[in-house]
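*Asks:* Spelled out from the first residue to the last, the chains are:
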Amino acid sequence: VIEAARRAVEAATKAGAGEAEAYLAEDSGREVRVHGGAVESLTAATQRGLGIRAWIGKRVGYAYGTDLSATGIAALAERAAEAARIADEDEFAGAPVGGGDAEARGLVLSDSTIGEWSTGRLAELALEIERAALGADARIAGVEQAVYADSSERVAIASSTGIEGEYSSSSCYGYVQALAQGEGGRETGLGFGLGRGPAALEPAAIGHEGAERALAMIGAEKPASRACPVVLDPTVAASFIGLIGRGLSAGAVQRGRSPFAGRVGEEVAGEVLTLHDDGLDPDGFASSPLDGEGVPRRRTALVEGTTLRTYLYDTYAARRGDASSTGNASRAGYRSQPSVSTSNLVVAPGTLGFAELLSKAGDGVLVTDVAGLHSGVNPVSGVFSVGASGRTIRNGELAEPLREFTIASDLVSMLRGVSAAGTDARWVPFSGSVKTPSLLIGEMTVAGS
Amino acid sequence: MSELIDSEVAARVLSRALANGGEFAEVFAERNAGLTMAIDESRIEAVQSGVGAGAGVRVISDGTTYFSHVDGLDPDDIERAADEAAAALRAERSAPQALGAIAGTPQTIEVPPAGVPAERKAALLRELDQRARGAGGEIAQFTASYAEAHREVCVANSAGLFAGDDRTRVRIGAQAVARRGDLVETGAETLGAHRGFELFDDDPGAIAEDAARKALTLLDAAAAPAGSMPVVVGGGFGGVLFHEMTGHGLEADHIQKGASVYIGKLGEQVAQPLLTAYDDGRLPNEWGSDGIDDEGVPTQKTRVIEEGRLTAYLYDGVTARRDGVASTGNGRRESFRHLPVPRMTNTYIAPGDAEPEAMIAEVERGFYAVSFAGGQVDPATGDFVFGVSEGYLIEGGKVTRPCRGATLIGNCLEALAAIDAVGNDFEIKTGICGKAGQRVPVGTGQGHVRIAAMTVGGTEV
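The listed protein sequences correspond, in order, to chains U and L.
First residue of the first sequence? That's 1 in my numbering, and the numbers climb one at a time after it.
First residue of the second sequence? That's 1 in my numbering, and the numbers climb one at a time after it.
Treat each hint with caution, since some may be false.
Dumping the calculated DSS-like pairs for lysine-lysine here, alpha-carbon to alpha-carbon at most 30 Å [stated by the list, open to error]:
(1) U:Lys222 with L:Lys265
(2) L:Lys435 with L:Lys265
(3) L:Lys301 with L:Lys398
(4) U:Lys14 with U:Lys222
(5) L:Lys435 with U:Lys222
(6) L:Lys265 with L:Lys301
Label-pair distances were calculated between CB atoms; the ranges are [unchecked claim]:
(7) U:Gly135 with L:Gln97: 40 to 46 Å
(8) U:Thr423 with L:Gln130: 51 to 57 Å
(9) L:Gly136 with U:Gly265: 29 to 35 Å
(10) L:Gln130 with U:Glu183: 54 to 60 Å
(11) L:Ala358 with U:Gly353: 54 to 60 Å
(12) L:Glu427 with U:Ala224: 49 to 55 Å
To spell it out: a stretch of chain L is covered by chain U in this simulated footprint if at least three of its residues, at any positions, have a beta carbon under 8 Å from a beta carbon of chain U; those stretches are [said to hold, decoys possible]:
(13) 52-61
(14) 188-199
Calculated directly from the structure, the hints in this document are not laboratory data.
Just so you know, even glycine gets a beta-carbon here, dropped at the ideal spot from N, CA and C.
Please take these sequences and the hints and turn them into a complete structure.
*Replies:* Put into structure tokens, the structure is as follows:
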């Protein structure tokens with residue numbers, strides 16, 4: 001694949017680009033959906049595409065396509081150069097320069113079993129997830145869907161400025177949406193697991209988690225509106241950490257669109273919260289030796305010892321901010337040009353077990369699910385109000401289930417308000433790739449009845 | 001209409017797809033081209049041009065779908081995809097029916113955007129930028145985006161269907177950030193259609209001023225109230241409320257899997273008689289319209305609620321066969337890489353009798369949600385949540401102060417039954433709807449709608 005990437009760089013230079021970069025990705029994957037003890041759909045597919053970034057002076061443009069023939073690449077290169085001519089000049093625009101991949105040596109991101117398992121065996125895994133959910137309790141009325149999916153990717157990046165790199169990675173996940181029959185209606189619960197290959201998944205655990213989450217919601221009612229301590233379970237904490245991570249991108253900061261602008265060096269959190277961006281964590285889904293523009297990934301301390309240490313940079317933001325790239329240029333495949341984004345966000349586990357966390361909360365609310373994050377959070381001001389469900393915490397113990405309420409605060413206050421972290425850290429893939437334990441927030445507004 | 005794959009190739013692909021049995025086979029091919037660009041800090045940037053083509057082949061046997069897709073439209077590759085889809089089957093060969101002539105009636109496009117010089121698109125963004133920045137000195141940041149997409153699709157199946165569509169969509173979006181001291185607020189507005197560049201003939205720059213006005217208004221906002229109260233929802237994108245709290249629950253896959261609060265409610269009174277609603281994929285040039293759905297079925301107008309009575313679910317081919325009914329033309333897919341699922345097209349509450357001013361005047365203390373940033377529903381439980389992007393307090397029958405950070409939260413069946421007034425105004429706005437990992441363009445519409453009681457989640461307890 002690196003050969004095709006090199007050819008694309010040459011074609012772009014020929015098309016008039018001063019500098020050029022090519023990103024080529026090949027992906028093959030399978031997906032199995034099951035329902036009611038039968039396979040609903042089986043998908044097997046491969047795809048391959050190329051994206052070219054072209055710089056003409058201080059202008060940059062991007063084009064992508066799937067035709068990798070010589071004429072296809074030449075046409076793509078022409079379109080990238082054409083796109084650059086439309087753009088306005090930007091004094092900080094320019095191609096990244098390489099820097100080796102020393103830190104990533106020994107990083108294993110692929111699991112060979114992913115291709116070895118037959119489709120039948122993968123279907124059996126998905127069916128086992130469904131059975132585990134259905135068998136967990138008589139009140140489990142059904143499963144909306146149980147799914148297994150995997151992807152094996154090979155990426156090559158080359159540029160006219162000497163960047164050249166290739167890597168492979170694989171990932172898979174399984175999930176279930178279980179339905180429990182309550183007195184008033186149905187409740188849903190999501191169970192999920194991830195790994196580099198199917199052998200890493202625990203179907204029974206995924207099924208049970210979905211069932212338990214659905215069962216826990218039976219009989220849920222609206223809480224009274226109040227301000228109180230709130231415990232976020234790891235899935236919910238991950239969503240908020242993901243949003244905070246977005247605000248720590250230098251791109252957002254430089255363009256005046258982050259609530260964390262101007263806060264580097266300031267106290268932004270309590271002692272209990274330590275946050276890293278780690279693009280090299282072997283278990284992180286977003287790990288890779290190189291970022292989306294070929295700069296080595298690394299581990300960057302974001303919040304440590306109560307202080308905001310740095311923002312995250314790609315090459316453009318680094319030039320503009322007089323800093324170095326932190327290897328945080330990310331892409332959502334060849335159809336997207338790179339932009340600054342988190343890799344894996346990792347919150348260090350705390351010292352309190354879950355029971356101790358509840359005990360420290362005293363009287364409050366445990367949030368186990370949030371909805372409406374894309375519409376309920378203002379990423380510029382950080383102000384949010386999102387839908388939530390969970391349980392009452394009374395006298396330090398879990399009490400009745402709660403639904404149909406909102407939690408509201410702003411991201412900066414929330415980060416400051418983290419007063420304890422649990423020991424139950426897990427990887428959550430819903431809002432970027434985040435690993436976090438449960439977090440106790442000193443006070444948040446809960447709006448119910 | 002052009003054929004992306006000619007009928008002979010399509011027939012061969014279908015025949016190979018059924019080589020190991022199966023009761024249904026289909027090939028879906030597409031070719032797409034798009035251009036996007038943005039203006040940020042008054043500079044044209046993020047200019048991106050993309051092209052793609054490919055085909056997906058599926059075989060259905062005993063309720064299981066076998067699916068494979070390939071990039072490109074090379075007949076040999078598509079036949080290989082058919083072989084791959086059929087590979088897991090072990091039954092006797094079945095034979096597809098002969099294909100008819102290709103059918104389809106695409107939407108009318110006057111000015112194909114691909115033929116418009118890029119400078120005009122950049123100039124459009126510059127105009128948006130100037131108009132927004134001219135709206136007030138407190139506008140600190142402004143970004144706008146332009147997107148055009150041309151998509152030709154072609155579907156052939158073993159029942160003899162052969163159909164095509166030619167789809168062109170354009171959309172611009174504006175986002176303004178207003179700043180006063182430490183206070184930061186945002187406002188956004190979009191304009192889009194299944195139409196050519198003629199969409200921008202009128203006054204596209206108005207959306208920039210709208211976005212700026214929203215952000216500036218919010219600078220004077222107080223914290224949103226928290227609690228249950230009457231809510232008046234604005235027209236246009238307010239329709240996302242109906243899209244989320246009813247539309248998704250009527251999609252037949254949710255019904256068949258036991259994951260909808262509307263199961264068993266067909267024919268029942270679910271709302272007051274003042275409410276009638278439709279899903280209509282044929283509305284001329286609307287954002288959610290197409291000539292055919294992505295299974296080749298002509299799009300249609302489906303009345304889902306008639307005077308408060310639930311009258312229809314929304315079907316794709318698979319769910320329709322399962323229920324022994326006809327597809328309602330709601331089988332949609334994001335691309336050839338995805339399997340079709342039942343999806344809404346343009347969904348709206350038909351205009352009612354009420355004057356919007358009178359609907360507000362009758363509220364002693366309540367909330368006026370002019371527009372939303374979006375929403376989400378769990379069709380199985382009916383629980384939904386909406387982020388309000390522009391909202392005001394109603395006091396003594398009058399709209400008073402703007403509120404920030406409000407969320408509406410509730411349960412579908414309760415909220416639907418609580419709609420006690422529908423306005424005589426009407427507008428349809430554009431949205432991008434996500435379901436099963438696929439994003440498709442949808443229209444959402446209504447006039448003003450009042451809900452007697454709903455929970456507003458703000459910070460002021």
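*Asks:* Indicate, hint by hint, whether the structure satisfies it.
*Replies:* These are the hints, each one checked on the structure:
no.	hint	result
1	U:Lys222 with L:Lys265	holds, 25 Å
2	L:Lys435 with L:Lys265	holds, 23 Å
3	L:Lys301 with L:Lys398	violated, 37 Å
4	U:Lys14 with U:Lys222	violated, 64 Å
5	L:Lys435 with U:Lys222	holds, 27 Å
6	L:Lys265 with L:Lys301	holds, 20 Å
7	U:Gly135 with L:Gln97: 40 to 46 Å	holds, 43 Å
8	U:Thr423 with L:Gln130: 51 to 57 Å	holds, 55 Å
9	L:Gly136 with U:Gly265: 29 to 35 Å	holds, 33 Å
10	L:Gln130 with U:Glu183: 54 to 60 Å	holds, 59 Å
11	L:Ala358 with U:Gly353: 54 to 60 Å	holds, 58 Å
12	L:Glu427 with U:Ala224: 49 to 55 Å	violated, 37 Å
13	52-61	holds (count 3)
14	188-199	violated (count 0)
Comparing the model with each numbered hint stated earlier shows that hints 3, 4, 12, 14 do not hold.
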